[in-house]
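Protein chains: 2
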Amino acid sequence: MLSQIRHRIHNIRQTFEKASIDTLLVSIAENRMYLSGFTGQDTGFDESAGVLLISGDHLVLATDSRYEIQAQQEAEDFEVICYKKGLAKELPAILEKLGTSRLGFERRRMSVSQYDMIREQLTSVELVPVDNLCENLRECKEEVEIEAIRKSLHLAESAFSDFLENLESGMNEARAAWEIERRMREAGARSVSFPVIAAFSANAALPHAIPSERLMENSQPLLFDWGAVLNGYCSDISRTIVLGRADETFKKVFTAVYDAQQKAIEAVRPGAWTKDIDAAARNHLHEKGLDEYFGHGLGHGVGLAIHEAPSLSPVAERNVELKENMVFTIEPGVYLPDWGGVRLENMVVVRANGAEVLNSLDVKLF
Amino acid sequence: MLSQIRHRIHNIRQTFEKASIDTLLVSIAENRMYLSGFTGQDTGFDESAGVLLISGDHLVLATDSRYEIQAQQEAEDFEVICYKKGLAKELPAILEKLGTSRLGFERRRMSVSQYDMIREQLTSVELVPVDNLCENLRECKEEVEIEAIRKSLHLAESAFSDFLENLESGMNEARAAWEIERRMREAGARSVSFPVIAAFSANAALPHAIPSERLMENSQPLLFDWGAVLNGYCSDISRTIVLGRADETFKKVFTAVYDAQQKAIEAVRPGAWTKDIDAAARNHLHEKGLDEYFGHGLGHGVGLAIHEAPSLSPVAERNVELKENMVFTIEPGVYLPDWGGVRLENMVVVRANGAEVLNSLDVKLF
Numbered sequence: 001m002l003s004q005i006r007h008r009i010h011n012i013r014q015t016f017e018k019a020s021i022d023t024l025l026v027s028i029a030e031n032r033m034y035l036s037g038f039t040g041q042d043t044g045f046d047e048s049a050g051v052l053l054i055s056g057d058h059l060v061l062a063t064d065s066r067y068e069i070q071a072q073q074e075a076e077d078f079e080v081i082c083y084k085k086g087l088a089k090e091l092p093a094i095l096e097k098l099g100t101s102r103l104g105f106e107r108r109r110m111s112v113s114q115y116d117m118i119r120e121q122l123t124s125v126e127l128v129p130v131d132n133l134c135e136n137l138r139e140c141k142e143e144v145e146i147e148a149i150r151k152s153l154h155l156a157e158s159a160f161s162d163f164l165e166n167l168e169s170g171m172n173e174a175r176a177a178w179e180i181e182r183r184m185r186e187a188g189a190r191s192v193s194f195p196v197i198a199a200f201s202a203n204a205a206l207p208h209a210i211p212s213e214r215l216m217e218n219s220q221p222l223l224f225d226w227g228a229v230l231n232g233y234c235s236d237i238s239r240t241i242v243l244g245r246a247d248e249t250f251k252k253v254f255t256a257v258y259d260a261q262q263k264a265i266e267a268v269r270p271g272a273w274t275k276d277i278d279a280a281a282r283n284h285l286h287e288k289g290l291d292e293y294f295g296h297g298l299g300h301g302v303g304l305a306i307h308e309a310p311s312l313s314p315v316a317e318r319n320v321e322l323k324e325n326m327v328f329t330i331e332p333g334v335y336l337p338d339w340g341g342v343r344l345e346n347m348v349v350v351r352a353n354g355a356e357v358l359n360s361l362d363v364k365l366f
Numbered sequence: 001m002l003s004q005i006r007h008r009i010h011n012i013r014q015t016f017e018k019a020s021i022d023t024l025l026v027s028i029a030e031n032r033m034y035l036s037g038f039t040g041q042d043t044g045f046d047e048s049a050g051v052l053l054i055s056g057d058h059l060v061l062a063t064d065s066r067y068e069i070q071a072q073q074e075a076e077d078f079e080v081i082c083y084k085k086g087l088a089k090e091l092p093a094i095l096e097k098l099g100t101s102r103l104g105f106e107r108r109r110m111s112v113s114q115y116d117m118i119r120e121q122l123t124s125v126e127l128v129p130v131d132n133l134c135e136n137l138r139e140c141k142e143e144v145e146i147e148a149i150r151k152s153l154h155l156a157e158s159a160f161s162d163f164l165e166n167l168e169s170g171m172n173e174a175r176a177a178w179e180i181e182r183r184m185r186e187a188g189a190r191s192v193s194f195p196v197i198a199a200f201s202a203n204a205a206l207p208h209a210i211p212s213e214r215l216m217e218n219s220q221p222l223l224f225d226w227g228a229v230l231n232g233y234c235s236d237i238s239r240t241i242v243l244g245r246a247d248e249t250f251k252k253v254f255t256a257v258y259d260a261q262q263k264a265i266e267a268v269r270p271g272a273w274t275k276d277i278d279a280a281a282r283n284h285l286h287e288k289g290l291d292e293y294f295g296h297g298l299g300h301g302v303g304l305a306i307h308e309a310p311s312l313s314p315v316a317e318r319n320v321e322l323k324e325n326m327v328f329t330i331e332p333g334v335y336l337p338d339w340g341g342v343r344l345e346n347m348v349v350v351r352a353n354g355a356e357v358l359n360s361l362d363v364k365l366f
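In the order they appear, the protein sequences are chains P and Z. Read in order, the letters of the first sequence are residues 1 to 366 in the UniProt record's numbering. Read in order, the letters of the second sequence are residues 1 to 366 in the UniProt record's numbering.
Everything labelled a hint here was simulated from the structure, so no lab data went into it. Source: prediction; values computed, not measured. Beta carbons are placed, not taken as given, at the ideal position from N, Cα and C, and that holds for glycine. Be a bit skeptical, because a hint or two may be false.
Over the 12 Å line for every Cβ pair with chain Z, so calculated as not near, a few chain P residues [stated by the list, open to error]:
no. : residue
1   : Glu76
2   : Glu90
3   : Gly99
4   : Leu155
Computed footprint of chain Z on chain P; a stretch qualifies when at least three of its residues, placed anywhere within it, have a C-beta under 8 Å from a C-beta of chain Z [what the hints assert, rightly or not]:
no. : region
5   : 37-51
6   : 112-118
7   : 184-194
8   : 199-213
With the rest of the complex left out, here is chain P (with noise of 0.2 Å):
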């Protein structure tokens, strides 16, 4: 791990001068864990189980009495410094000691009340608003992370194949979220990766139905999308099924999507752009009539966060040329308003060849 910790420094450190900083001010989880190997978890929106310091010579990790112990097991590299008054009062002394003149932090991840206590008490330190820094790092996956996604997504596969071969008639799409929950979190899954959906019949028609007490149907489709988090790393899968007969309209619908993700899969390479792989998909709907009813974007990256970049979407920001070891979810959707809707999402990796898929589970499962 040690050697993995460091060559990542070297990198995050060689964006300081581009963006003109000597410290950067590391908040947001998922960096801090990538940086330093620290898995505390912030417990909510305005609170922190620590930030990094990162210098050009100096690794701190600032945290309280609460992590002290697990932080300094986890991030060997790192000097571990317990504040006992919140971060802000003691930063003043932190930074004189790595001779901070221009501090970067991650404004996504600064609250305006945290940044005035800060600014308040920083009086010779320049704060510089950074965006993406680590984030950008954290693009194109490393070997080892990308087993860890792989084993993120097998304990997701391996609880939902356990719950088909359990279904009980006539569950509803509550029961059925939490029975998805409870094989991944009793395999090991530290959490889900986000809240399970079960969305059947008509539900299935909204892209983030939240699970209800509608009831499973014969005949009906029966969308889940569901993911874990396992060591640290996230999954995200979805797949729609049909008890008993598939009616035409299934039938044309799952087909139609089946297919344009087949196309987006294909088109996956190294140099392939990120707007293109939403296309592919995109414009085979619209061959089949079924573009107006694929209302979100193609995928996202996948990694120690749920949706990290790049995005593939034709509304974007940016349009990225793929790399070799990005992870992304390739999840085309069609939805019919008051009939329901398929969505069938695998993850792929961007290898030399073009894309491997991580999922072992079938796309087709009736």
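Fit chain Z to the known structure of chain P by using the hints.
What follows is chain Z alone, placed relative to chain P:
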């Protein structure tokens, strides 16, 4: 529900003049629910299910398409506006309709990057940081809220009783924590109010121990701290038990903590001060020579948030005069390094004649 929401809206509007604002942007999820009834959840620190915009005569809930139907159903008094390009871009049009010139925003929940985006869009509106406008209203609970908290607590207690009845010897901490969580979730809790703590033997000396592989052993302190979220309301409870024979250290520490909790409960009444309640427990532990092992505050408010005002601590910034219908925890603890610890936590409501303890579960369970 509607008359409650209207009452709350009336109260929040009363705070505008002192805060020098004519409109309030509400982005903290608990405040959003309290003031509108909308139960959408933010799934991450940079993710939002929407915001409220409350002016003197308008109520707007701005959200995205994922939450549109839910928002319309739950927030009956609010005009639901669905943004397509994110809040910042559509805010100017909404605020023009509201006639806003001074917009209060909750600076604890607004990131610097959000602030920068909004600031860029709003050329003729003054942005005014505000703190705790709604949190202060939430400090004293309505009876319907107290009942919701009571139900959440009873669910958590029933889950724990069932866990104890089915206790398997040799269980480890992680498994025990999961067994408690599983029972709360299966009884209808939307989630745990914080990750369940199960800390055995020397691990019980760490107030925020993370459940590990450590096994349950006879004659050792077994500390549990857990709670549920039910219908939006949190519960929080701790118990420390021993299996088999309790040794003299355990008996001495348990009795001291138990009595300290009693002293604090007896001190609760309208007009008393939070620091006095803390001192009632702390002084008792001082008499027993154990106060140096009680390293945290005595308690905290609980409601829609698991930690809210008031804070009962010797180092709290505010010393708060207790008012009727405040709800908070009373949780003294004594932690002996290398031995373990005892924490006992109940939830109380301030009533005209003193504390009403919301718990049904015995404090002494061995």
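Hint check results:
The claim that P/Glu76 is not at the interface with chain Z holds, since no C-beta of that chain comes within 12 Å of its own (minimum 18 Å). The beta carbon of P/Glu90 sits about 15 Å from the closest Cβ of chain Z, which is more than 12 Å, so the claim that it is off the interface holds. For P/Gly99, the requirement that its beta carbon stay farther than 12 Å from each beta carbon of chain Z is met, with the minimum near 24 Å. Every Cβ of chain Z is farther than 12 Å from the Cβ of P/Leu155; the closest lies at roughly 15 Å, confirming the non-interface assignment.
Coverage of the region 37-51 of chain P by chain Z holds [criterion: at least 3 residues with CB-CB distance below 8 Å; count 4]. Remark: the region 112-118 of chain P is confirmed as covered by chain Z, as 4 of its residues place a Cβ nearer than 8 Å to a Cβ of that chain, reaching the required three. Coverage of the region 184-194 of chain P by chain Z holds [criterion: at least 3 residues with CB-CB distance below 8 Å; count 3]. Note: the region 199-213 of chain P has 4 residues with beta-carbon separation from chain Z under 8 Å; the three-residue rule is met and the coverage holds.
In summary, the structure agrees with every hint in the numbered list given earlier.
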